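The two chains are supplied separately, each in an independent frame; assemble them into the complex guided by the hints.
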Amino acid sequence: MIQLTNIDKFIESRFQRVFILKGIDLTIGQGEFLTLMGPSGVGKSTLLNIIGLLDEDYEGQYIFEDKSVNGMKEKQKSSLHKSEFGYIFQAYHLIDELTVYENIETPLLYRNVSSSERKSIIADLLDRFNMVAKKDLFPEQLSGGQQQLVGIARAIAGKPRVLLADEPTGNLHSAQAKEIMEVFKELNREGTTIIQATHSRENADYGTRLIEMLDGKIDRDITI
Amino acid sequence: MLKNILKIALRSFWKTKSISIINVLGLSLGIALCLIIALFVRNELSYDRHFPNAERIYRVTSDIVFGGKTMNMTFAPAPMADALVEELPEVVASVHFRNQGSFLIKRYEDNIKENKVIFAGKDFLEVFAIPLVQGSRQGALDEPNTMMISQTMADKFFKGENAVGQSLILDNKTDYKITAVYEDIPENSHFDFHVLLAAEGLPEAKSPQWLGNNFQTYILVRPNADQQEMNQKIAAMADKHLTPVLKQVMGEEFTLEKFRESGNKVEYALQPLLDIHLYSDLLGEFKANFSITYVYLFVAIAVFILLIACINFMNLATAKSSNRAKEVGVRKSMGSGRGDLIFQFMAETFLMSFISFMLAIFIASLLLPFFNELAGRDLSIPLDKVGFYIFLLLGATLVGLIAGIYPAVFLSGFKPAKVLKGDISNGMKSSVVRSSLVVFQFSISIILIFCTIVLFSQMNFIQNKNLGFSKDQIVMVHDLYALGEQKQTFKQEILGSPLIEKGTLSGFLPVSGTNRSDNPWWVMGRDIQDQENMVSIQNWKVDFDYVKTLGMKMVQGRDFSLDFPSDSSGVIINETAVRNFNFEGDPIGQKITTFSGNNVTGLNTEELEVKTVIGVVENFHFESLKENIGAVLMYVDPNPSGIASFKFQSQDAQEVLQLLESKWKELAPGQPFTYEFLDDRFASMYASETRIGKVFAAFTGFAIFIACMGLFALTAFTAEQRRKEIGIRKALGASVSSLVFLLSKEFTKLVLVAFVVGAPLAWWGMGKWLEDYQYRVDLGFGIFFISAALVLLISWSVMGLQSFRAANSNPIDSLKSE
Chain C
2 MIQLTNIDKF
12 IESRFQRVFI
22 LKGIDLTIGQ
32 GEFLTLMGPS
42 GVGKSTLLNI
52 IGLLDEDYEG
62 QYIFEDKSVN
72 GMKEKQKSSL
82 HKSEFGYIFQ
92 AYHLIDELTV
102 YENIETPLLY
112 RNVSSSERKS
122 IIADLLDRFN
132 MVAKKDLFPE
142 QLSGGQQQLV
152 GIARAIAGKP
162 RVLLADEPTG
172 NLHSAQAKEI
182 MEVFKELNRE
192 GTTIIQATHS
202 RENADYGTRL
212 IEMLDGKIDR
222 DITI
Chain B
868 MLKNILKIAL
878 RSFWKTKSIS
888 IINVLGLSLG
898 IALCLIIALF
908 VRNELSYDRH
918 FPNAERIYRV
928 TSDIVFGGKT
938 MNMTFAPAPM
948 ADALVEELPE
958 VVASVHFRNQ
968 GSFLIKRYED
978 NIKENKVIFA
988 GKDFLEVFAI
998 PLVQGSRQGA
1008 LDEPNTMMIS
1018 QTMADKFFKG
1028 ENAVGQSLIL
1038 DNKTDYKITA
1048 VYEDIPENSH
1058 FDFHVLLAAE
1068 GLPEAKSPQW
1078 LGNNFQTYIL
1088 VRPNADQQEM
1098 NQKIAAMADK
1108 HLTPVLKQVM
1118 GEEFTLEKFR
1128 ESGNKVEYAL
1138 QPLLDIHLYS
1148 DLLGEFKANF
1158 SITYVYLFVA
1168 IAVFILLIAC
1178 INFMNLATAK
1188 SSNRAKEVGV
1198 RKSMGSGRGD
1208 LIFQFMAETF
1218 LMSFISFMLA
1228 IFIASLLLPF
1238 FNELAGRDLS
1248 IPLDKVGFYI
1258 FLLLGATLVG
1268 LIAGIYPAVF
1278 LSGFKPAKVL
1288 KGDISNGMKS
1298 SVVRSSLVVF
1308 QFSISIILIF
1318 CTIVLFSQMN
1328 FIQNKNLGFS
1338 KDQIVMVHDL
1348 YALGEQKQTF
1358 KQEILGSPLI
1368 EKGTLSGFLP
1378 VSGTNRSDNP
1388 WWVMGRDIQD
1398 QENMVSIQNW
1408 KVDFDYVKTL
1418 GMKMVQGRDF
1428 SLDFPSDSSG
1438 VIINETAVRN
1448 FNFEGDPIGQ
1458 KITTFSGNNV
1468 TGLNTEELEV
1478 KTVIGVVENF
1488 HFESLKENIG
1498 AVLMYVDPNP
1508 SGIASFKFQS
1518 QDAQEVLQLL
1528 ESKWKELAPG
1538 QPFTYEFLDD
1548 RFASMYASET
1558 RIGKVFAAFT
1568 GFAIFIACMG
1578 LFALTAFTAE
1588 QRRKEIGIRK
1598 ALGASVSSLV
1608 FLLSKEFTKL
1618 VLVAFVVGAP
1628 LAWWGMGKWL
1638 EDYQYRVDLG
1648 FGIFFISAAL
1658 VLLISWSVMG
1668 LQSFRAANSN
1678 PIDSLKSE
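Heads up: the protein sequence lines correspond to chains C and B, in order. Under this note's numbering, think of the first position of the first sequence as 2, with each following residue one higher. Under this note's numbering, think of the first position of the second sequence as 868, with each following residue one higher.
Chain B with its partners taken away, still in its complex shape (with noise of 0.2 Å):
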């Protein structure tokens, strides 16, 4: 019986050969970018899970409120490891992090630069247990000056040696030891560094003050220890380390109740490790972290691909079935029971299914390098695994049933009597059914083509928003403390070139990834312990020609100028900031003060620092366009070290470049040269988010692709239904424009209706979507526009195509044949 039934699936498939051939590659097709998607969240979901005791690792995180400003920050005060596993119980082992950039590396003569470094606490491997190729578990980071280093680190500077008991030399100057080598740690880590100094050899690390946050601190803790608990203990003991500090700077009168009451906190809980990745987006990540919400959404139109592909496939077989009812009623009349016929029935289907994923896995593969590239991963299809093959055929079982039992049952529920007289006018006059999954398919098409659309306009509006200063045409030269003392010459030397308009030295600049550090101000006089008027704020050590260079605009006051002596205590602060310090009368003149010497190892409350406000800048974006404008403070430092920003008139970026490489080069023999375009690194701030629509993007595009496969050979399978209908209408007088718009209406209603379902739900999520950042686009109606006349567009050229050729056909050919 099975091989009757596998024969006629076969031969009812040649039968309709260009047809068939069509549903099983669309089938394909979408299984195969469901499998790509399945392989991307199966690798989203496995971060940080190789990491032995994975699931009792937490993080520590902040939540602070200080003057005015919210910082959400994976950073903790220095103290904080050790008073862990001495004060609570449930901790085993804990180690701290700090992050102070990237560092030259070199053994011998040539450095090589290296961003994957951090300073690692002594405990480093009891809390994550990785596992090492060469050196002693045992006190690898104990000793100031040592480091351990990754296999491929290993490889670079020590191809076929034993890299333990070496040196290397650091930033030129410091010599450390390598005390063991580490396996790669997998790319699916949010923790991935190459390089782990030993933190002890950091006088901060040392430092037993709890005001101060630098340190991403993480722990191990007990086996089945409650995160709860934990989190009210870490509060109570933050806040009886706190106390004593914070009564030192505010004065005996504090309080923590009076320090909560206006409005302030400084409140530090645990995150495990597994949900870092997807669930963690604070200051001071390790690297960009995805959210739960693309996973999601990444899900979503998995499911919405597959759908649409068995839509097509259920569609093509009930649309096929005036061709199947004569042997649906030939099969009963011979005693098949219904049940027997579904059986026939889902058994072709699942054969097609079969073949289906068997293709699918080989344009999965095909499809696979692109998607690597737009989304930035590695992935790979693991045929090596048996779980996955048990995957693909519970896959196809699935699809099978989905696709196939909806066919299965109408097919099979034909009245023989009715069937066998030719009595079958339900092959194309379309059903309720059928009608519905096309609209489905199609609401699923315009909904996906609205999010592109808007998701790429938010994008484009983003790179094109005003956003207060100038980011093209300027070049960032990176990493100035290789220059030494000749940092000034090289500036001036570069701007002795035509090629350059202006130039500037300065720790920060607008974009994310440069320093930045924040310090409460107050207008001189006023009462410090009303904390009211302590403002948090920016601070940005930057040269007279920072605001010049990046095209600011100074809306009150002057800008620094070495004409005057005195704006060495001058400084220029923002609007917002103008907005938080509530000056009484004109900002500009106003004095303004903070606590002098004040750094991570400790604070001065003695001394005072004053500084006089002599222009205002207008507001700029500096930080992502998903917040608001914070308040931020420039002074003079006659010599910044950072990064030096050039404005460059030349159309020719890359004359710019040799210049500044061959100054480099003669200035920092042997250092490396290392620059950015600054509206590169403004991109890379909304990587992400580009990155997504782009992959977006491409599955929107194959999922209307294969639901106008669908369409495609739903309107031929129409046309071939239709043919007599078509030479009769012909034979009495039709023009070929009119029989085309007989055959494209019936789908063009449906296509309108999916309209109407698809785009309020779409224009709904986008809206919650674009919530997300303060400056955005407007859902205006041209979106709605847009989407809809590409909808139809894309459908009437699908179906236009076909109908054309049918109404094309000579009447006689359909007539005679009956």
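With the rest of the complex left out, here is chain C (with noise of 0.2 Å):
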């Protein structure tokens, strides 16, 4: 369902063009779940933005779905936005305004759901989440775990066909990074599509296809 093809991403210096990306070639197939490891500043993140079409500064070719991205308009590239991508972030990047439920809801608004539709849809995940006590409460007043669980709801509240998440468990520790894993392995076997860049071994154990980084380019293509 993805396919990049010769993925290049530079920052243009001075004298000299300084790669972060050289010669990407990947193919994801619906189903999978991919794991993106490598050390600090290899391009795990910015390959996962390209992806998820965060980040539109760069050069190949991206077809989604047998489309080209690359001349998509800002319209199309907001619709696939809201139907086929979920985002989880290693700072959870809840709205701090918000609160647990009103933060579930908002991609519901982006997609004009109904009302009560919305309701039960927030009501099923804050159950599976065992976040219903919690609902009214503010980011600022839950730990890191149960953040990263929020921003899980909130990516998947929607009904992506892909998640990606960069460095999902990053804040987190061992035992709450591992509900998280579960969490995401369950989601997997439902046929949700997992795209996650990780420094963990442990986590990329959870996956089924592992892609090692290195320098900007794909090291290692291990199927688990």
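Incorrect hints may have been included.
Computed Cβ-Cβ distance ranges for the label pairs, DEER-style [stated by the list, open to error]:
1. Asp222/C with Lys1616/B: 53 to 59 Å
2. Arg909/B with Gly145/C: 35 to 41 Å
3. Gln31/C with Lys1616/B: 57 to 63 Å
4. Lys1616/B with Gly42/C: 34 to 40 Å
5. Leu873/B with Gly145/C: 28 to 34 Å
6. Ser1664/B with Arg129/C: 55 to 61 Å
Derived pair list, reagent style BS3-like, types lysine-lysine, alpha-carbon separation capped at 25 Å [unchecked claim]:
7. Lys973/B with Lys78/C
8. Lys1100/B with Lys1073/B
9. Lys874/B with Lys135/C
10. Lys1282/B with Lys76/C
11. Lys1282/B with Lys68/C
12. Lys973/B with Lys1040/B
13. Lys78/C with Lys1100/B
Simulated from the structure, these hints should not be mistaken for laboratory data. All values reported here derive from a predicted model rather than from experimental measurement. Ideal Cβ positions, reconstructed from N, Cα and C, are used throughout, including at glycine.
Here you go:
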């Protein structure tokens, strides 16, 4: 469903180009649970951002579901954001001014989901993550693990087909990390394609495919 | 969605509440001030519009140059009014007025002094169709000794009675019968008299004389009558009537062409009623008019203040962007388009704008009484008018648009990949746009400060200018005619008191609002056919003590003296008059001539009056300092009427007043005692400037205050943004003072740039304004220096406070959180 061909990303400095990504070719199929691994600064997040249409400043070809992303208009991209992608961030990035309930609700508002439907979707998610009692709290009143659960709930509320996670457990201790990864595994089992970037070998073990990156290139591509 | 947006708006407002509150208060204050100015301007523009058919009413003005003197007046000859109706088909009705100042009015015993009295022609109600409360519209002013009075007057004298048919006594002698009572003419009129006396009773109103200009003349014209065309017809008409009269005066060889060739003219033109309040500043206005320039000035101030407040709003919104950046990133990753985000941020601004407008109504209602006091108006907030709310709604939308569009575009433009990485170094390192906005704000502040300083130094200059006479410690007692034959007794008895140094009786004092008359004089023996020889000159009746009492200086010859019986035919002239007469040799002892028996009803060209110059007085200012000093001639009238002026020595003016009043009561029982200090009267000549100055200063103060609120919030925010930097610098050993410097440096630069932009503009503008004054202050470098110092001082004290607080915080607090 995702096909990247010869993706380059570089920063133009005064005398030379510094490549962050160089010649990436990658095809990801529906239902995969793919892990990007590698040391800091290798370009994992950048690649993830490009896949998630958050970064448009690159060269090369990107085809999503047989359609070229390169020539897409803002509106089409925006509708892809709405229907196909869910994002999970290392720093959670919840909106501080909104409660747990309202944070999860936000993507649904952008999708014009009706009020009653929203209620039932959010109720299900809160139930699933055991957060019913916390629905009226603000992010700062939650622990990191709980915040990330809200982040996941928000990401999957709109039932995206691809879930993008950038160091989802980077700010969490191991027990919390394990809980999050279990959730991912289950989502993958239900059919969601997951692409995560991580430093952690253990996290990678939950996945079905491992891409090791080095200096902006794909070093090894292993199926687990 | 909207609910979600509002929630975010309110919560993010609350999160940075101190700054947000400053922001909203600043905006509300700005809006409140604009609201007040809007009310004020609306009021100024509404003048005279309430008169029925206002747009079809015109006033006749005159432009006369004669004997080297130019007069632009509201006066026209007495027969003008009737002639206009007879000879111009466009004119439906006409009325003329003659102002003879205040009258003493009584019903039984006690007199009341009433200023708003005027003689009006019989067709008054046909031109000014004001509503009546009692009486008939027909023939209200047809008979001599009849009058119309306002509701207020009727209530004053006939509370609860029917006033029509009753009589009042004017100046203790004449009975006037009331024929009608009219509704009070609204405050916003140039014509707002309370008593209209029938001009039928005035002999001069019947005069066929086209040479004297004594009547303010108004006409009502047919719909769609062309002003230009009428002006041409009036010019032709005036020429037709003037030629025979001038021939009679100047001799048969006289022609209008010759008259004009020698630089003279007598021209009449129409002025629309609706232009009077804002565009007219002629001799003989019914009351001090306003000027359209000042209206523009106030509108400009309002726009400036609103811009300053909006810019505060923009700057803080963009400065706060780092807080909102994450939200923008998240929302974009969830599929929010830029349009959605712009909508969201605009909605937030609109919300703030609406809140600010509500607060503004409250603030405006608190400030309005002070404004009314300063500006001498009686404005109120029209809370009962639907239009007012529509105006507010439009205003709030406009302000929301101005203040919101830039931040919305700016914030919604964030790239999600960047901001989600936490990469927003653009939080405070000021963007070019924000810097320019701050520069703009402070340029305006500097312009306003500069103008205020110039305005006040000019006013101060006028107050302290050497006028050529002494205006201090002189008290004027008005309405001497009430004393009848006892004027001299009054003067002598007052002079007997040790409190009083000198005293004089005279018709004219060198301030506005006293009686004056102009006559042509010439050096005896010169050819009066040659217009060059005619000198138009002010003729003042004075007594022997006039020059002494007012402290004027003789430069040649001598003052009037009782020791010289011949002084009854002597005159003292001023230096301008000496120049205009162009004497051969010493002016002292020269004989000058005028027509005698020269009065408003007719010119007597047979008899000549001859006077001898006995002294020349140093030029003194007797008109506004906007004018050059004109020619003056003084001659002795042993028993002049008008005003008694006394120079007193005592520090205690109260004591002097008591003395004057008790003496007055003794000699003129039942007559109101009115007095005035000469310096107060002098100040009142500049009342409108002083008033404008004060209002201007107040608005300037507010504008700067609002700008400083913005600066305060902005520095607070910078300090907050750079907390980490400050912490690190402190940990590395930076001193508090170096940190304060670091934080203030950037804005100081901006303020200086603003000065370079604003000061020359203000200098140029004020230079123009000062050109109105023949006598004015110099715009030296001092003013530049003072205004720069003032702005820097204010902005530093605002920034310094914030910077100092930030620099003094404990470095660990800011570092550990990262």
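Q: State the violated hints by number, sorted upward, taking the hints as numbered earlier in the document.
A: 2, 7, 13
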